[in-house]
Structures are given as structure tokens and as C-alpha cells.
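Given the coordinates of chain A, work out where chain B should sit on it, guided by the hints.
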Amino acid sequence: MGNKSSLLLREEEIAQIQEETGFTPKQIERLYSRFTSLDRSDCGTLSREDFLRIPELAINPLCDRIVHSFIADSNDDRVNFRQFMQVLARFRTIKKGKENKLNSREEKLRFAFKMYDLDDDETISRDELLNILHMMVGANISQDQLNSIAERTIVEADQSGSGKITFEDFCKALERTDVEQKMSIRFLN
Amino acid sequence: GGHEVPERYPITSIDFGRVETPFIISVWILFASIAKIGFHMAPKINKVLPESSLLIVVGVIIGLILYMSTQFHVSPLTPNTFFLYLLPPIILDAGYFMPNRLFFDNIGTILLMAVIGTIFNVTTIGGSLYLCGKMGVFNGIETPFLDIFLFASLISAVDPVAVLAVFEEIHVNEILYIVVFGESLLNDAVTVVLYHIFETYHVMEFNDVQVQVQDIVNGVLSFICVAFGGCIIGVVWGFLTGLVTRFTDHVRVIEPIFVFIMAYLAYLNAEIFHWSGILAITFCGITMKNYVEANISHKSHTTIKYALKMLSSSSETIIFMFLGVATVNNNHEWNTWFIILTIVFCSVFRIIGVIILVAMANRFRIHKLSKVDQFVMSYGGLRGAVAFALVLLIDPATVKLQPLFVTTTICVIYFTVFLQGITIKPLVRILNVKRAEKRKPTMNERIHERFIDHMMAGLEDIVGKTGNYNVRDKFKRFDNRFVRPYLIRDLQGAEPKILETYSKLAMKDAMEYMRRNPSTV
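Heads up: the protein sequence lines correspond to chains A and B, in order. The first sequence runs 1 to 189 under my numbering. The second sequence runs 190 to 710 under my numbering.
Here chain B stands alone, though its shape is the one from the complex:
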């Protein structure tokens, strides 16, 4: 190497360059965590502002300090850091702790909202913005069709990070929660496809290649690939994780790593093909959970739980702080009407979409979604960091409006995180939305509810109708016969949940007994 020959042996030297990257990353994480402690020590602010908006404020302050103190200003929130490092932990946490039953009971409504709802939003928001552009509302700036629809495709999707951040704090009832949250997870496939479709059409048009009918058909077909491909990759990796943990009974300490690494590989594996990584990691978590939980030790389970919570909550913290930091830069292009109209269209079409789709869903639902539910659903349509990362991915060289899109996306995110985030708590209280009551099931609930499931499946068979119970019954039978015997080490009957509830309650009793009678230990 080109080392200088030292004249004397130095007592000490400074070499920041060597540790720069990990050092800066660590400082960011430290800052975010300290900010988080700070909010919880200030109870008054905490009640009014949701945590996500406080983090953005801290981010903006840090951004301003950096902006004034250094001449180079590079935002730390790049699409790559976001999609490869910050997003996966949050989605894995959501998928792994997903209430599976609730999710699949409401899957029809969730899919309707995620697929049809997102397409509806893209077409209506894109169409309206395009028309407004044609009428010259935006001070005569040129608004090409594909550019506007590219923007519409990224701004239309409800964001899982923002939804989780806001809804975790307000504890609405479980059905409302799963519908909004499920939508935000599953709409990723639609977002990814529409984004890539408009991006590719744009590139083709830019290079004077004619977009043909074939390309549109291909777009529809690619949706099927992205959605199902993502799900299948996730399910396969989920089964593999179950299979691996079957053999870990002698190496308990590495059990948690399999869950994290294999889920992450599922995400990356899907991203290789540009399939939906979010769907892959969600379904990986959903699939592996039942098998992994049966195989691993109690302590490994606790480790997985807390490590996942820690990873996802710090990712979330960093994302919101980075969003704040990224706001402070030189490249803003402000266009009042474009920004206001985007926010208005996002909100209005969200409400219209929810009303139409819920009316459709309610025809098939036993538990109807009420007017208040519909309001919370439309209000819960928060936009967040996924949109921001996608807008940064647009190439400013080909899409002239990119800086305007970035500014607008930031405004929409601020609008949803601040205005909707702050008001949703009091609104939920005023409208008297049913709140969630989280408690572990009692022995009686576990047994009788299982009993009712079997009974209802039988009745559906008699009536000759394929319903939820029927389908679940078939799946359980399949699982018990063909999957569980291969993935689980010590198989315990056909009703592992009943046993699980029993052992949990027995353990609780034992702890209680020890607490009361410390002398016997």
C-alpha cells in the first residue's frame, strides 16, 4: 500500500475514515432511540401528538442543523436502505404476529380494498390530476399522461408503516384494524406492478418505442406473477423454516436466527424477480409461525418476539426521523395547486372508494361494516415512507416533474401523519368506535370456540355451502395429515392450540403459586 513511512512511532492517531459508515449508522440509531425515550418522558406531548409525527419533527430539526453546518447534503433515506434494510423488519414483525384467523376470515374484504381499491384510487387520482393539468390549473406546467400516472400509482397505496404506527396507538377493534392493516400489506403487489408498468411505458415512450396492446396484456399478467409469485416464495420459505427448526433441538441458541434470516431471504428472493417482497415476507411469517412455535424452546420464542419488536420499532423510528431529515433540501419545487389538489383527491377518492367497496363487501359479510367503520377506514388511509422511497426512485433525467413529485409526496405524508394522525385519536373517541380488548383466551373460550368451529363446518356441509368454516376445516385436515407430521418434531394431537392454552395457563398458575409461597421454592 501507499503507507507513509513514519518518522517516529505515533503514540496515538485519528482514523475516522475507517469507521465512518458503521459509526454514522450507530449514531443515527442512538439518536432515534434517545428521541423515543424523550417522548415517553414528556407525557403531555405524547397525548396530543402521535409518536410518528414527533419523530418527523426531530428529523426536521436534525436536518436543519446538518443543512446549516455542512455544505454537502446527502439525505440518508435512500430507496435502497429503505427497501432492503428498514422495511423488512417491520413487515416481518407484522406477518409473524399476524392474527391469522382474523386475517383469513376477512380476506375477501381485505383483497377487495387492496386490489380493486388501489386500482380505483390510481385511476381516479391520476385521471383527475391529468385533467386538471390539461385545463392548466398548475400554472401551465406540462403534465404528460404517463408521468402523472406514475405519480398516482405511488401516492395511491396505503402505507403499512404509517398505518401500523398510528393504529398501534389507538387500539380500534380487531376487525377494523385487520381490514385497514391487511389492505396496506396486500396492496403492495398492485403498487409494485402499476409503478413498474408506468415506469417501463415511460422509458419506452422516452426512447420512441410504441406501447402496444401486448404490453398492456403483459402488465395484467405480470400482476398475477408479482402477487402470486411473492406469496408462493413466502410460503415455500415459511415451510422450509418450519422444517429446519424441526432439527434444532440440540442447538437451541441459533433458533431465532433461522426465523430472521430465512424470512429475509424470502424477501430478497422475491425482490430478485421484482415480485412483491412485502407479500413474500408477510406470507413467510404467517406460514412459519405455527410450525416454528411448536418446535422451538420457550426461551427462543421470547427472544424472537422481543428481537422482532425491537427491530421493527427501531426501523419505524428511523424511517420517520429520516423522513424529517429528507425534507430539508435544496431541490424542492413548490406548486401550490398541484399539492393541494393531490391531497384533496387522495382524501376524496379514498372516501368514495371505501363507500363503494364496503357496500359491495357488506353484501357478503356477516359482520357488516358500519358507517363509523367506513369513516375510520377512509381516515386510516395513511400515506407514508413507501411512497417516498418510490418517488425517490424516479429518474429526474427522464421525468422532468420528479422534484415536484418529491415535494408533493412529502406534503401528502405530512398531511396524513400530522393532521390525520393527530385527529384520529379524538375522533375515535368522539365517534365511539368499539375498542380492542386484548386478553389471552381462557380454557373455556378455547375449547368452546373450537367446538363451535367444528359444528359450523358440519352445518355448512349439510346446507351445502362452502363458507369460511368449511374451507378452514379442509385446510386444517390437510395440514394435520400432510404438513404437520413432516415439519413438527413432537406432534401433539389435532388441537395444538387447546394444549398451548392449557400449558400457558398452567405456567401462569405455577408462577402465581411461587410468588405467593416463596418459601417452597
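Chain A extracted, bound-state conformation:
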């Protein structure tokens, strides 16, 4: 199967993706074979349903948001291989010396921030935060408690007094976190 899929991926396409994302050709081929195995309808793009068929992902509390972040930028709710790779490029490990634009600390943080920020207004509102908390914490906990947690989180991060978390606040709040390491996947060669 790996052979067949690599045949379908043209040389210049690999070179282009390599240029854009910084992946090695081996990694691109490997991910392409994964991509084609997810693409059940064999049309070269992935739909929301294709993602939801991954059993582990389907039970992830943030499943909707993760899938959304893949297909948000496309207009027909489908993601092609190049777009797929551009999302994944953010999670490449950062190597000293050769800095790639897509996987910088800021880009990584921006990706996470956008998953909170559903209405794309560059801030995380109280409702957006509550939404996420609800997904993660789940049942067995009172709405009041979640409300006060969200309240406290915003007050703690909000520097400008707007009652919302801006991207700057978000970065500041995660200043001490090793984002470079936490948000990296070691893609196999």
C-alpha cells in the first residue's frame, strides 16, 4: 500500500510540500499513505466523516474542534493533502538553527488559541472558555463551579481589563510552559 500511494504523489508535489512545510520526502510519503488510508472515498480529500471514523479521535472531548481546525480554511468542508500537511507542519519539532515559519512557538500557540476562539474575533470570551471546559470536564460537576472556574481563569489572564483573553494574554499565561516540546510530534521518517 505504501508503494501505491507514493506513486500517486508526484515528485514536484513532494518538493513543493517540502518547501512549504519543512517535512522530509520520507515523512511526506509516510503521511500521504496515512492520508489515503483515511480517505475512504478515494477522492484525494478528507471530509469531516473521514476524520470521525478514527475511533480514538471520535471519543476525544475536543474531537469537533480538532476536525474543525483542519477543515476550517477550506470552502467546501474538505481538506486536501497539501492543506492537511500545512496543519501538521505546526507540530514539527523545532530544530535549533533552521527555523521554519510554520512550527515556531507563536504559530503553535496561535493554533491552540484558534481552537478556543470559535467566532474568530481574536479573543477568547467567557462563553468560549466555558464551552471548552464543559467538553473537557464533562458531567458530575455543577454549572456554578464551572462558571467560577471560567471567571477566575479570565480574571487571571486578562491584562487589559476587557473581560476576555486576547492572544497576547494567552501567550503571557503560557510563558512558563514548554510549548515547543508539548506541542511537537516526532514524525517518523
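Rather than coming from a laboratory, the hints here were simulated on the basis of the structure. We treat Cβ as the ideally placed atom computed from N, Cα and C, and that holds for glycine.
Derived contacts from chain B toward chain A, CB cut-off under 8 Å, selection only: (1) M632; (2) I641; (3) M645; (4) E649; (5) G656.
Structure of chain B alone, referenced to chain A:
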């Protein structure tokens, strides 16, 4: 009984024999504690010498006094007191307060260092000493193969007590700390197995029983038993402790006792089978923590914390002092070349082993271990009381070199605790090793980091790769569905840590408020 019939009723009498044992133990503990206060009141010495080496010095002084004042000289540090009473508190403290996540994130590197690293050290140190013995470097003393490897197996393992004692003071960054410390805890399984293998082969050879291939295969199999058996015993006792504390809400005062007693039973239970007690009690602590903390009261938690700290720090104090006392005795057998070469081989092969194994580990790690990290790792390979207790266990009747081994072990311990212990602080400063910054997580960190965990687990699923996040996610789901409901009294959602952080911060705020406005209380 054989009581003498008193002529008159005595007004008072002296009977030291009745209280001798507890009295002597108490005096030792008192001495060790006073010595500890003394160091902290002398700030200048404290900066230069690490506490562990000061305690050894005090021990040597006491040993000299005892040596000169009494004719019988029995060292108080016997293998039994060490393994049954002094070691468990230190390891439980380490296991219970283990940063679980950090530990399991680095488990690959830790296991590589602990298992392969220790085997590498045993073979290289043992092999080199044996070859040197064959070439007659040690003034022609006879160095049988098995004797040397028995010695190598006990001297090769990095010691958790010494590592903790030195590393707690210097505060290196958390990854470096967990790799060295995790190695020292997990290598116990390898040490125990190799020690027993060479000991048994030695006894067999001594009684003219041929060691066969079957025995070597059995040795490998017993490693699996010792390691996994120890872990499983620990995990089972850990779950049991969680289960018991589920029902303690009406008897809050005995909550801490369950933690101590059940962890200790896990240790003893593993030791019954000669499995690794250190692994058992470590994993017992790691397992029970999450469930116990959710069940017990805030005050019980504080009691557990401080009681564990007190027990482990006094054990550590006593161990180092006893090491000093044990140095002063008549049975020393000095062999300059054997001692020097042991120290040289220990250090050199430690460095070589670290370089090779880190090169292997770095191929799989996201956070690469740098050259400086490797240096601190090799330098942090301290030898300590575990080696000393094991060398005392060797029977001098069958192993003729035992007195030499004891002397050499003491020298190696002194070398690591004094030379490496004293120089590691300035070296860490000169090399500019990243230091640890310990702070409680903020609300934002807690939530966003959890968020990132879920996100990364999802991405790993999409990429089709089984990684750290993926595995942790699966474990958490399993825990939340099948374990927590049975072990925890009041279940609170799937993210207890977020709630915990919230309530801790809220409590802090309340205290702050009360401090500022005392009139409202």
C-alpha cells in the same frame, strides 16, 4: 523467675538492660537530628559542603570516640536495619511525591539508563577489574571471576539515597532530575537480580555444583519476575490503599496510617519473594497518590506530607551518619590499586555509558539531552548506602575478598559523596545548567495545558502514531471509567486536577483576604 529476694525494699534501682535497645536507637536519632540543626546554624560550612558529607564526618567522629572508649565495636548499620527500616521511608517519600507525568514522559530514557546502563556498567567494571586482576595489578591477590562480578554488581548501581541527598540541594531542571533520579530508583531490579545471580553461582561453585546454561536462562527469567513482580505488588497495594481510604470519612484520624502501613507492607511483601522492594514501594506510592488524595481530608494530607518528609529526612540523616560510624573498624583491607582502579572504572564507564545511551535515547526524544545534561548525568552517578548494605551481606567465609570489597565500597562512597557532592554545585553554576523553578500551576496553565494534551492526543490519532499523549489519553479514559468510580468516594468530573487547582487558588485567596482584613473574621 530467678529474682533475688530483696532484703529491704529499694528506694531506687538502675536497670539499663530493660531499655537498652530503644534507648540507644533514640540517642542515635537525637544525635543525628542535633547534628542537622548544627549545620544549618553554621551557614559557611553549609555552602561549601553538602549535608550528606557533613553527616559522614560527624559519623566518623562518633565512630572514633566509640572505637577508643569501648572494646566491643559493633557497627549499627547492618543490612537488615538498612533494608527493613531506613530505606523504605526514603523510597516511599520519593514515590509518593513523584511527579508522575514527568516520570512517565521520560520513562523510555529512564528505563534505558536503569536497565541497559546498569548491565553495561556491571560488565565493563567487572570485566576490567577481572582483567587487571589477571595481569597481577593488585599485588598478586587472587581475583576469582564470580567474586569480582558480585562486587561489580553492587558497585555499579546508582544510589537513590545519595542522588536524592545531593540533587535536592542543587535544584537542576526537572528533566535532568527525573532522569537521574528515576534511573536510581528503577535500577534496583537489575541490581537485585545480578547480585543474587552472582551470589548463587558463587555458592554453587563453592559447593562444586556446575553452573549450566539453564541457570543463566533462569537468571534472565528471574529478572522479569523481580522487576514486574515488584511493580505489580506495588500497584496492587496502591489500589488497595485507595480502596480503603474510600471508607475513612468517619475516622479521619487514621487516614495517614493506611498510607504508611500499606506501602510498607508492599515493600515487605515484595522482599518476601526477593523481588524488588524498592520498585514495589515506588509504584505503590505512584499508584495510590491520585486516589488517596481525592479521598482524605486536607489535614490528613498535610500530616502525610510532613510525616513522610520527616521520616525520610531522618532516615537519610541516620544512614549517612552510620556510614561514617561504620568506617571506623578493625577489618579494613587496603589495596591501593584495587581501590583506585575501581573508582576510575566507575567514573569512566559511567561517562561512556551515558554518552552511548543518551545518543540512543536522543534519536527518540523530542527534548534532546544536551552535552551539559550528559555531563551532569554522568556526574550524578553517585554510589551510596545500598552498595554498602549489599557488600556487608556478602559472607566473608566463602568470599575471601569481602573485607577488601567493604573497604573499596566505602572509598567509592566517600569519593562520590565528598568529591562529586562538593563539586557538583559549583559545576552546575559554571556550566549554566538550567535550574528548576518550582511554582504551583496557575488556573490558565492548568486548563490550557490540559487542552493541549487532548489536542495532541487527537493529532496523534490522526497521524496514526502511538505517542506519549495517545497512551496517556487511553490510560486516563480507562482510569475514569473503570478505576476511579470504585476507589474514590465523591467523584468530581473527568478533570480532578482542574478542580484541585481551582480550590487551592480559592483557598489561598481566602487566606490572603483574612490576613488583610482581620476584623471580618
